[in-house]
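K.L.:
Listed below, chain by chain, are the residues.
2 protein chains.
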Amino acid sequence: MRTSIATVSLSGSLTEKLTAASRAGFDGVEIFENDLLASPLTPEEIRARCADLGLTVDLYQPMRDIEAVPEEEFARNLRRARHKFELMGRLGADTVLVCSSVSPLAVDDDALAAEQLARLAALAQDFGIRVAYEALAWGRHVSTYDHAWHIVETAGHPALGTCLDSFHILSRGSDPKGIADIPGEKIFFLQLADAPLLAMDVLQWSRHHRCFPGQGGFDVAGLLTQVLRTGYDGPLSLEVFNDVFRQAEAGPTAVDARRSLLVLQETVGVAAPPAPAVPTQVAFAELVTPDADPLAALLGALGFTRTARHRSKPVDLWQQGEARILVNTGTAVRRDGTQLAAIGLESPDPSAAARRAEALLAPVLPRRRAPEDAPLDAVAAPDGTELFFCATDRADLPNWRADFEDTEHPSAAAEVSRIDHLALTQPWHHFDEAALFHRSVLGLHAQESVDVADPYGLLRSRAVTTPDGGVRIALSVGAAPTDDTVHAQHIALATDDVVAAARRFTEAGGRLLPIPANYYDDLAARFEFAAGELETYRELGILYDRDAHGEFRHCYTRTVGRVFFELAQRDGGYRGYGAQNAPVRLAAQHALKRLTGG
Amino acid sequence: MRTSIATVSLSGSLTEKLTAASRAGFDGVEIFENDLLASPLTPEEIRARCADLGLTVDLYQPMRDIEAVPEEEFARNLRRARHKFELMGRLGADTVLVCSSVSPLAVDDDALAAEQLARLAALAQDFGIRVAYEALAWGRHVSTYDHAWHIVETAGHPALGTCLDSFHILSRGSDPKGIADIPGEKIFFLQLADAPLLAMDVLQWSRHHRCFPGQGGFDVAGLLTQVLRTGYDGPLSLEVFNDVFRQAEAGPTAVDARRSLLVLQETVGVAAPPAPAVPTQVAFAELVTPDADPLAALLGALGFTRTARHRSKPVDLWQQGEARILVNTGTAVRRDGTQLAAIGLESPDPSAAARRAEALLAPVLPRRRAPEDAPLDAVAAPDGTELFFCATDRADLPNWRADFEDTEHPSAAAEVSRIDHLALTQPWHHFDEAALFHRSVLGLHAQESVDVADPYGLLRSRAVTTPDGGVRIALSVGAAPTDDTVHAQHIALATDDVVAAARRFTEAGGRLLPIPANYYDDLAARFEFAAGELETYRELGILYDRDAHGEFRHCYTRTVGRVFFELAQRDGGYRGYGAQNAPVRLAAQHALKRLTGG
Numbered sequence: 218m219r220t221s222i223a224t225v226s227l228s229g230s231l232t233e234k235l236t237a238a239s240r241a242g243f244d245g246v247e248i249f250e251n252d253l254l255a256s257p258l259t260p261e262e263i264r265a266r267c268a269d270l271g272l273t274v275d276l277y278q279p280m281r282d283i284e285a286v287p288e289e290e291f292a293r294n295l296r297r298a299r300h301k302f303e304l305m306g307r308l309g310a311d312t313v314l315v316c317s318s319v320s321p322l323a324v325d326d327d328a329l330a331a332e333q334l335a336r337l338a339a340l341a342q343d344f345g346i347r348v349a350y351e352a353l354a355w356g357r358h359v360s361t362y363d364h365a366w367h368i369v370e371t372a373g374h375p376a377l378g379t380c381l382d383s384f385h386i387l388s389r390g391s392d393p394k395g396i397a398d399i400p401g402e403k404i405f406f407l408q409l410a411d412a413p414l415l416a417m418d419v420l421q422w423s424r425h426h427r428c429f430p431g432q433g434g435f436d437v438a439g440l441l442t443q444v445l446r447t448g449y450d451g452p453l454s455l456e457v458f459n460d461v462f463r464q465a466e467a468g469p470t471a472v473d474a475r476r477s478l479l480v481l482q483e484t485v486g487v488a489a490p491p492a493p494a495v496p497t498q499v500a501f502a503e504l505v506t507p508d509a510d511p512l513a514a515l516l517g518a519l520g521f522t523r524t525a526r527h528r529s530k531p532v533d534l535w536q537q538g539e540a541r542i543l544v545n546t547g548t549a550v551r552r553d554g555t556q557l558a559a560i561g562l563e564s565p566d567p568s569a570a571a572r573r574a575e576a577l578l579a580p581v582l583p584r585r586r587a588p589e590d591a592p593l594d595a596v597a598a599p600d601g602t603e604l605f606f607c608a609t610d611r612a613d614l615p616n617w618r619a620d621f622e623d624t625e626h627p628s629a630a631a632e633v634s635r636i637d638h639l640a641l642t643q644p645w646h647h648f649d650e651a652a653l654f655h656r657s658v659l660g661l662h663a664q665e666s667v668d669v670a671d672p673y674g675l676l677r678s679r680a681v682t683t684p685d686g687g688v689r690i691a692l693s694v695g696a697a698p699t700d701d702t703v704h705a706q707h708i709a710l711a712t713d714d715v716v717a718a719a720r721r722f723t724e725a726g727g728r729l730l731p732i733p734a735n736y737y738d739d740l741a742a743r744f745e746f747a748a749g750e751l752e753t754y755r756e757l758g759i760l761y762d763r764d765a766h767g768e769f770r771h772c773y774t775r776t777v778g779r780v781f782f783e784l785a786q787r788d789g790g791y792r793g794y795g796a797q798n799a800p801v802r803l804a805a806q807h808a809l810k811r812l813t814g815g
Numbered sequence: 218m219r220t221s222i223a224t225v226s227l228s229g230s231l232t233e234k235l236t237a238a239s240r241a242g243f244d245g246v247e248i249f250e251n252d253l254l255a256s257p258l259t260p261e262e263i264r265a266r267c268a269d270l271g272l273t274v275d276l277y278q279p280m281r282d283i284e285a286v287p288e289e290e291f292a293r294n295l296r297r298a299r300h301k302f303e304l305m306g307r308l309g310a311d312t313v314l315v316c317s318s319v320s321p322l323a324v325d326d327d328a329l330a331a332e333q334l335a336r337l338a339a340l341a342q343d344f345g346i347r348v349a350y351e352a353l354a355w356g357r358h359v360s361t362y363d364h365a366w367h368i369v370e371t372a373g374h375p376a377l378g379t380c381l382d383s384f385h386i387l388s389r390g391s392d393p394k395g396i397a398d399i400p401g402e403k404i405f406f407l408q409l410a411d412a413p414l415l416a417m418d419v420l421q422w423s424r425h426h427r428c429f430p431g432q433g434g435f436d437v438a439g440l441l442t443q444v445l446r447t448g449y450d451g452p453l454s455l456e457v458f459n460d461v462f463r464q465a466e467a468g469p470t471a472v473d474a475r476r477s478l479l480v481l482q483e484t485v486g487v488a489a490p491p492a493p494a495v496p497t498q499v500a501f502a503e504l505v506t507p508d509a510d511p512l513a514a515l516l517g518a519l520g521f522t523r524t525a526r527h528r529s530k531p532v533d534l535w536q537q538g539e540a541r542i543l544v545n546t547g548t549a550v551r552r553d554g555t556q557l558a559a560i561g562l563e564s565p566d567p568s569a570a571a572r573r574a575e576a577l578l579a580p581v582l583p584r585r586r587a588p589e590d591a592p593l594d595a596v597a598a599p600d601g602t603e604l605f606f607c608a609t610d611r612a613d614l615p616n617w618r619a620d621f622e623d624t625e626h627p628s629a630a631a632e633v634s635r636i637d638h639l640a641l642t643q644p645w646h647h648f649d650e651a652a653l654f655h656r657s658v659l660g661l662h663a664q665e666s667v668d669v670a671d672p673y674g675l676l677r678s679r680a681v682t683t684p685d686g687g688v689r690i691a692l693s694v695g696a697a698p699t700d701d702t703v704h705a706q707h708i709a710l711a712t713d714d715v716v717a718a719a720r721r722f723t724e725a726g727g728r729l730l731p732i733p734a735n736y737y738d739d740l741a742a743r744f745e746f747a748a749g750e751l752e753t754y755r756e757l758g759i760l761y762d763r764d765a766h767g768e769f770r771h772c773y774t775r776t777v778g779r780v781f782f783e784l785a786q787r788d789g790g791y792r793g794y795g796a797q798n799a800p801v802r803l804a805a806q807h808a809l810k811r812l813t814g815g
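These protein sequence lines are chains E and C, in that order. For the first sequence, this note's numbering begins at 218 and goes up steadily by one. For the second sequence, this note's numbering begins at 218 and goes up steadily by one.
Just so you know, not all the hints are guaranteed correct.
Note: identical chains are not told apart, hence a pair may lie in one copy or across any two.
[Claimed, not checked] No farther apart than 20 Å at their CA atoms in a straight line, the calculated lysine to aspartate or glutamate pairs in the EDC-like style are these: (1) Lys810 / Asp460; (2) Lys810 / Asp713; (3) Lys403 / Glu370; (4) Lys403 / Glu483; (5) Lys810 / Asp418; (6) Lys810 / Glu233; (7) Lys810 / Glu466.
Honestly, the hints are just simulated from the structure, not real lab data. Computed from a predicted structure; not experimentally measured.
Chain E extracted, bound-state conformation:
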């Protein structure tokens, strides 16, 4: 189906918006009136620019408060409409949106509304324009889609149809089943937006919190299914008012937007991108650093062995159990020195995974870094992390591991069995995009977003996982974009015995994050522990949490660059990430940073 986006959904000048929409592959745009008024381009120039960019102008929305008003007022509205229809001719737009009136002048009179809309449509017809009438969720007298359709039906004018908007319908809890009663040819336009399920004033909700389909809590796919049953064949158009998108770079937002429509079309069965090849585990995590020594000391103390070295690049493979960490000193040093740059995802079908990622607009990275390397399919996540789709020592598949020459066997007495999860701080402008990306491109499940109190502001955190927990990525974001890099990334290592793993680490000279004594006094108040257990946690700095499924014990290393490690023991099916303990951990990290000036 054709896809379109309202210019209000993107940041910048009109030309920046049009360029971004075109590059992301949209077929058309809705031109928001303020964008046109503020543009130095004439309507003819905008039309030409759109044509050059391969975009049609699918909708223009220049008028509010048209219908069901006293005749004198309506005469003024028709005068205004005539001006706007002339403008639309110059702009090359053939459909005008008319939202149900919010004017205090409007009266509750469907017959009058229908009669005036028919007159508006008659005028529009003279200009070759169709009028799409839409119920605003907060319309004064008309606020539901079936009511708007009733008025359109009553008016009975060929140039008058209805516009459906998923936000206005779903925010009011209307049942979209009734859409099937509307003839498809009378649905002149379809606007799509999702939103988080917030209990708040619908106008504020609409103006500030809309998001792209799949990023909120609405069943946009269910609504689209109803619309498609009518035979509607117009564009799927995104109209998203969002305070963050208004500030974000238009290019990535447009890609995020179109990805959301691709996924939506897949969900309702009108598009079939390559199926997800859901990763089964983390094959490796790759750290880049200008100085490998601190990391080597840390990994050694954690029980990792440097088992192999890349044949052609300065990359070491450290291994313990199934946990593999690459330490790369060759990549250009990033602004923060040591950081988590790439993740290897063990994939049932790496090529298929890459094909899906590409189809869903993930930036594809070169397959081969050097001629002699195994070809590795890789894409960039929204935060810039490189995601490699890997097969590790599996027959008939390119084996990244073969690029490494073994140097030493890993220790048999491993305390760490695998990577439990990876925690990645997201750029503030791309948090919603990140969750949708991981869900749609990788086929992971997104959990609920939780608030975490850092001493210097609230963080939000949202995990994306495979159902069995084989891959777990915790995405987090600060409350404002002041400094996207202030919070560290971390690698959590799974262990069956966190006490033993922590002791091993400290005995090998490692230093765990010190946890305040007050935390343990509180644990003593909240839980009963076996004799000596709490004392051990207190001594080592092990944190404790419990959920309905099981228990979680975990501790943290000091930070190197932007990266630290966690030792994590899950028992009895615990599903969380110790969010309850995060404020204490974050405060301890801030305190340490102040002490060390780091």
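We have chain E already, so just place chain C on it with the hints.
P.N.:
Using the frame of chain E, we list chain C on its own:
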């Protein structure tokens, strides 16, 4: 009355919070449990730190979901309470807050709640502790203050009283009149918070949007009046969960917080800071610049005359009608070069104005810059702008004008009569503070906040004014703190004939901000103009707006440094600032900046 603040209201580590609260003059603190758990200080050390800082520990809040639960669960709660009461002994806190339960285990049984709270109070009494029971607005079975009080009364234990929280009471729309029925000695604690009037889920509203009294829409003073009638003599304590304050520097937030309590006490008549000496007009606006030439050219073209020069400093006075602009090339150059650094406010009593400002914690600036200068009372606004309380050529008062030596008479043929308004971009973290500051310190009225769409994000704008419009300041802020300095400040100059003023400016070589033709096509659609009128606006770049009271015509100069000028003609009592036109103006400024690379 004693004032207190919950540590959760401030950003940073516990010690940073305590220091900020003490410096702002608070008498006590509520220690929020997470702040204690995350602190490396022992409870005894925290107690000592508070004592050193002159702070009492007025409340501790370590327990949730205590009452009206099955006996087995309550036994666990008592066990937890015993731990916490021991801790409170070490901490030196004698009042514990217990919020009404939100636990799914809680039953709707007031008798059971009363019985269990009495048992909790009995235990507390053994530790010399009082229990203050508070209704959370989203409590499972107890959500109103009168219900909580009924349970406390039923329990009838001397160590059990109630805690009132203005947010929980006013967010539910409860009538605070019933508070008068509670004996003052049974109100163990009073928590105060305001909030903007948002129609949203009360839990989210409470957790993210509370603000200090006077910054929101609640009648906190009305509630406090009721509380004081009971004879309550405990502290006034601020408990404010706010996403912005969590990120802002603790020091200024604490000052803002205490200012809010000073104003609140004045409102209810229990404190009497010096009365406001409301300014009557803008005596001058002072620009600092490293290079006076571009400003001199701009001011000259606008019709200003350089009428005087400061006797001892490199400051020129430019005048036209009653509009006075100081151009200061002596002050250390700021990061953005040319900017609006100070405002002179014509005050009926400059000393009294300064005394009030100081009493309300405004940072007082040195009265005299040089020995020979007239002593000028001045304070710093939250955005750093210096506010001078002035008398201009008035008998018996220090006359700032006398520091200037006349050089030339202003032109008699003035198009500009006075400064219409000043528009100041506020630091993101201090927008709520700024409105309260201007309202309370200066005695201005704060208008409603409006959203304005900039191409790169939403701005909020809020004007503070005198009732007659003699002083008008438009405060604005971006949607995120990414760059507080990206938006310019401006000085709007009042004229009776904006067309003549604009012509004069352009004929003198000035260049107005170009406004797109599309804007005028829209004006033609929306309004009917006299013959030729619209063409004149189009030619010059004059914008037009209309409200219920009158009309507004205005245009803008190009920007110098961070400053530009507006020529503004108000007719018929128009009250706004052309917010309707702001998106077009902002887009034009961005476009020009891109063109000029400025």
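K.L.:
Please write out, lowest number first, the hints stated earlier that are contradicted by the structure.
P.N.:
1, 2, 4 and 5
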